[in-house]
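Chemist: Single-letter residue listing:
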Amino acid sequence: MFDTEAFIKESVNDIKNKVKGKALIAFSGGVDSTVCAALVHKAIGKNLIAVHIDTGYMRKNESIEVKKLMDSLELNYQFIDASKEYFTALKGIIDPEEKRKIIGNKFIELFDRVAEKEDIAYLIQGTIAPDWIESGDDLRDTIKSHHNVGGLPEHMNLTLIEPLRDLYKDEVRKLARQLHLHVSERQPFPGPGLAIRIIGEATPERADIVRNACFIVEEEIEKAAEKGLIELPWQYFAVLLPIKSVGVQGDKRAYGYVIAIRAVQSIDAMTCTFSDIPNAVIDHISTRITNSMGNKINRVVYDVTHKPPGTVEWE
Amino acid sequence: MGVNMVKVYVIDNGGQWTHREWRVLKYLDVETKIVPNSISFSEIEHVDGLVLSGGSPRIGIETSLGNCAEILEKADFPILGICAGHQYMARFFGGNAAPSTVPEFGKVELTVLNTDSVFFDKVPQKSIVWESHNDEVIAVPDTFEILAESENCKIQAMQHKNKPLFGVQFHPEVEHTEFGVQMFKNFIKTCET
Chain A
1 MFDTEAFIKE SVNDIKNKVK GKALIAFSGG VDSTVCAALV HKAIGKNLIA VHIDTGYMRK
61 NESIEVKKLM DSLELNYQFI DASKEYFTAL KGIIDPEEKR KIIGNKFIEL FDRVAEKEDI
121 AYLIQGTIAP DWIESGDDLR DTIKSHHNVG GLPEHMNLTL IEPLRDLYKD EVRKLARQLH
181 LHVSERQPFP GPGLAIRIIG EATPERADIV RNACFIVEEE IEKAAEKGLI ELPWQYFAVL
241 LPIKSVGVQG DKRAYGYVIA IRAVQSIDAM TCTFSDIPNA VIDHISTRIT NSMGNKINRV
301 VYDVTHKPPG TVEWE
Chain B
1001 MGVNMVKVYV IDNGGQWTHR EWRVLKYLDV ETKIVPNSIS FSEIEHVDGL VLSGGSPRIG
1061 IETSLGNCAE ILEKADFPIL GICAGHQYMA RFFGGNAAPS TVPEFGKVEL TVLNTDSVFF
1121 DKVPQKSIVW ESHNDEVIAV PDTFEILAES ENCKIQAMQH KNKPLFGVQF HPEVEHTEFG
1181 VQMFKNFIKT CET
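Which chain is which? The protein sequence lines are A and B, in order.
Per this note's numbering, residue 1 is the first one in the first sequence, and the count goes up by one each step.
Per this note's numbering, residue 1001 is the first one in the second sequence, and the count goes up by one each step.
Some hints could be false.
To be verified - Here are a few chain A residues that sit away from chain B, every Cβ distance over 10 angstroms (derived from the structure):
(1) Met1
(2) Thr4
(3) Asp141
(4) Ile267
(5) Pro309
Stated by the list, open to error - Derived pair list, reagent style DSSO-like, types lysine-lysine, alpha-carbon separation capped at 30 angstroms:
(6) B:Lys1161 with B:Lys1007
(7) A:Lys144 with B:Lys1033
(8) B:Lys1026 with A:Lys144
Unchecked claim - From chain B, some residues computed to sit far from chain A (all C-beta separations above 10 angstroms):
(9) Asn1013
(10) Arg1020
(11) Thr1115
Quick caveat, the hints were computed from the structure, so don't treat them as lab data.
Note that the Cβ used here is the ideal one computed from N, Cα and C, for glycine as well.
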């Protein structure tokens, strides 16, 4: 089994030995980066600087929540709104791998700027096993370039430290519980954010659509779980598809985009089954999405693919 | 690490789930390590058992998986070949592997044909396993017997008739394979003796 206490002790010692001076942590506010920040904070205290970047592809209210979280952890932090930079960098980009690499490179570019100003030599990342496995290497095929591994530039000034590299999400959650972090049960959210839940060009307008749809999916599924109708899935969200379909809205022809709902069960993200969500819950989500997005969305579908052959996210 | 721990290493052929094999072994209190398939036999001859991981399409049927030939030739300890590792094991001992007519991905029902095999001890005759393969074994070597099948893949598991060598097409190391941990326990038991 996984001995959380031993792991915490070992990695705090290890970080103390490795890090001389200040370190920067890429802080998204998810379980991985929060656990990582807590460990490094234990090791080097105020020498840790957490940097949260608002890419413009965050979920509704995400950045406000992350600020609160960084405050509650008493982290020394910087909050960077880089949404305009990201929107510009992703203009016209359709290929999912290109999107991921641009986003990963931009993260490093922004971290480098902070590091230079603050005289920091180390970059801490909450990378976990599936991130480097799926990013591929000399032996392994690239399934998708995770922003924190395959999205990194070839040459980096900062020394990378990844204390959670050999862990899977269920193990990181155990650490989070042991460290009394309230984010322990938070659903995973990919580093590239909503940009990879928009199939096709990730324009600011389309980011708004998928942000609203994700919000509705999260709210309705969490409500159903609270009522005991379903077990809370491992991950649940909406994907905006670039195809249009014909509908009828108020006796008028509609020709709008499609939203796919994705919800999966998993332990470690390496294999998943699609969640068995009752139709009544899907009904609520579907009606709310189509009725609150005017003529933009007139069709909702539910993704019934396991992993493999699918992956959790669509890109 | 304890002195009396069973030592089972994982030969990395580049599979998505190589690290999962390492994790399952670790959770079963086995001394384990992932090593590249280019490793020479002399560096691993002290182990009690080996797992040959899976890898990308065609590598199990077209390549020699790094140094796996030397390992299979010289080893006298138990070896479990998974997916590409299983396909290569079949080819090495004179069987054959080829692209699947119907590749399998995700959930599949496994039927155990030889319920006496140690590998399937305490595993029901029918259970859910997780798959991810484009190729498969189409002929077992003369020295092997077939242990299990699925609807679209007739050689899901095989075993050498008088050596502790096992091959499986499915993936016992992933969470969604119902009795995967039991199969690993069974394999580890053969490594203890």
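Chemist: With reference to the structure, classify each hint as holding or not holding.
Modeler: Taking the hints in turn, this is what the structure says about them:
no.	hint	result
1	Met1	violated (6 angstroms)
2	Thr4	holds (14 angstroms)
3	Asp141	violated (5 angstroms)
4	Ile267	violated (4 angstroms)
5	Pro309	violated (4 angstroms)
6	B:Lys1161 with B:Lys1007	holds (24 angstroms)
7	A:Lys144 with B:Lys1033	holds (25 angstroms)
8	B:Lys1026 with A:Lys144	holds (27 angstroms)
9	Asn1013	violated (7 angstroms)
10	Arg1020	violated (6 angstroms)
11	Thr1115	holds (26 angstroms)
Consistency note: the structure conflicts with the earlier hints numbered 1, 3, 4, 5, 9, 10.
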